[in-house]
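Here the structure of chain S is known, so what remains is to put chain H in place on it, guided by the hints.
Note that the protein sequences, when read in sequence, are chains S and H. Position one of the first sequence corresponds to residue 1 (our numbering), numbered consecutively onward. Position one of the second sequence corresponds to residue 115 (our numbering), numbered consecutively onward.
There's no promise every hint is true.
As the list claims (entries may be wrong) - Just a few of them, taken from the derived set where beta-carbon distance is under 10 angstroms, the chain S residues facing chain H:
#, residue
1, 22
2, 53
3, 87
4, 99
5, 108
What the hints assert, rightly or not - Below are the DSS-like pairs computed for lysine-lysine, each with C-alpha atoms no more than 30 angstroms apart in a straight line:
#, chain 1, residue 1, chain 2, residue 2
6, H, 156, S, 71
7, H, 116, H, 211
8, H, 184, H, 211
9, H, 181, S, 44
10, S, 71, H, 211
11, H, 181, S, 62
Unchecked claim - Just the calculated beta-carbon pair ranges, DEER-fashion:
#, chain 1, residue 1, chain 2, residue 2, range
12, H, 221, S, 76, 35 to 41 angstroms
13, H, 182, S, 16, 48 to 54 angstroms
14, H, 122, S, 59, 39 to 45 angstroms
15, S, 3, H, 140, 28 to 34 angstroms
In case anyone wonders, no lab produced these hints; they're calculated from the structure. We put the CB at the ideal spot given by N, CA and C, even for glycine.
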Amino acid sequence: EAGVAQSPRYKIIEKRQSVAFWCNPISGHATLYWYQQILGQGPKLLIQFQNNGVVDDSQLPKDRFSAERLKGVDSTLKIQPAKLEDSAVYLCASSQHIGSNEQFFGPGTRLTVL
Amino acid sequence: QKEVEQDPGPLSVPEGAIVSLNCTYSNSAFQYFMWYRQYSRKGPELLMYTYSSGNKEDGRFTAQVDKSSKYISLFIRDSQPSDSATYLCAINNQGGKLIFGQGTELSVKP
Numbered sequence: 001e002a003g004v005a006q007s008p009r010y011k012i013i014e015k016r017q018s019v020a021f022w023c024n025p026i027s028g029h030a031t032l033y034w035y036q037q038i039l040g041q042g043p044k045l046l047i048q049f050q051n052n053g054v055v056d057d058s059q060l061p062k063d064r065f066s067a068e069r070l071k072g073v074d075s076t077l078k079i080q081p082a083k084l085e086d087s088a089v090y091l092c093a094s095s096q097h098i099g100s101n102e103q104f105f106g107p108g109t110r111l112t113v114l
Numbered sequence: 115q116k117e118v119e120q121d122p123g124p125l126s127v128p129e130g131a132i133v134s135l136n137c138t139y140s141n142s143a144f145q146y147f148m149w150y151r152q153y154s155r156k157g158p159e160l161l162m163y164t165y166s167s168g169n170k171e172d173g174r175f176t177a178q179v180d181k182s183s184k185y186i187s188l189f190i191r192d193s194q195p196s197d198s199a200t201y202l203c204a205i206n207n208q209g210g211k212l213i214f215g216q217g218t219e220l221s222v223k224p
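Excised from the complex, chain S in its bound form:
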């Protein structure tokens, strides 16, 4: 079974630029999550999708972050404009159904904002 795929793996941008991350979850997984993991901290949930609908985006900084999951499969997370404090690893995870304790994580995209 293929795991969660993410691209790019690394990205370096200057502040105020925009950036987009892509995620392909495990086939058949209805629930998709985006997490932000700042160095030395645990992952923090940004947004949760169930199929192509948003379940929870309470911790997403909506003035600069946006995410979509068209057709209930792949997802894209965008930051525009980026700030220095957005430097982090952005992890995508998926699970078979909402409420599942087991979430499968991708390798993450490491973003550096200069």
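This is chain H only, laid out in the frame that chain S set:
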């Protein structure tokens, strides 16, 4: 007060040692408690989870929950260099929203 608190370490032990990793949490309503392992430059992977109080064992790993003191632990017996990673405790705050501790970095020296 953070919902989940974890001693960040780092923790360094010799091979074969027993390792104890701990977290505390604030909300007594939490029911599902998880431990994830994260190798360097990889995403977290689920080690084990427990429901409510009690112990759960899987090979060299034992997870323990004490709801009366809001304390969760992970014990690793006969630790190996391959166990060197960051260990994250997490709580499922209904609907699959995981709240993670900040992680404990463990190094097992041969």
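Structure-based check of all given hints:
no.: 1; hint: 22; result: violated (15 angstroms)
no.: 2; hint: 53; result: violated (13 angstroms)
no.: 3; hint: 87; result: violated (15 angstroms)
no.: 4; hint: 99; result: holds (5 angstroms)
no.: 5; hint: 108; result: holds (6 angstroms)
no.: 6; hint: 156/H x 71/S; result: holds (27 angstroms)
no.: 7; hint: 116/H x 211/H; result: holds (15 angstroms)
no.: 8; hint: 184/H x 211/H; result: holds (19 angstroms)
no.: 9; hint: 181/H x 44/S; result: holds (24 angstroms)
no.: 10; hint: 71/S x 211/H; result: holds (22 angstroms)
no.: 11; hint: 181/H x 62/S; result: violated (36 angstroms)
no.: 12; hint: 221/H x 76/S: 35 to 41 angstroms; result: holds (36 angstroms)
no.: 13; hint: 182/H x 16/S: 48 to 54 angstroms; result: holds (50 angstroms)
no.: 14; hint: 122/H x 59/S: 39 to 45 angstroms; result: violated (21 angstroms)
no.: 15; hint: 3/S x 140/H: 28 to 34 angstroms; result: holds (33 angstroms)
Hint check: violations occur at hints 1, 2, 3, 11, 14; the rest are consistent with the structure.
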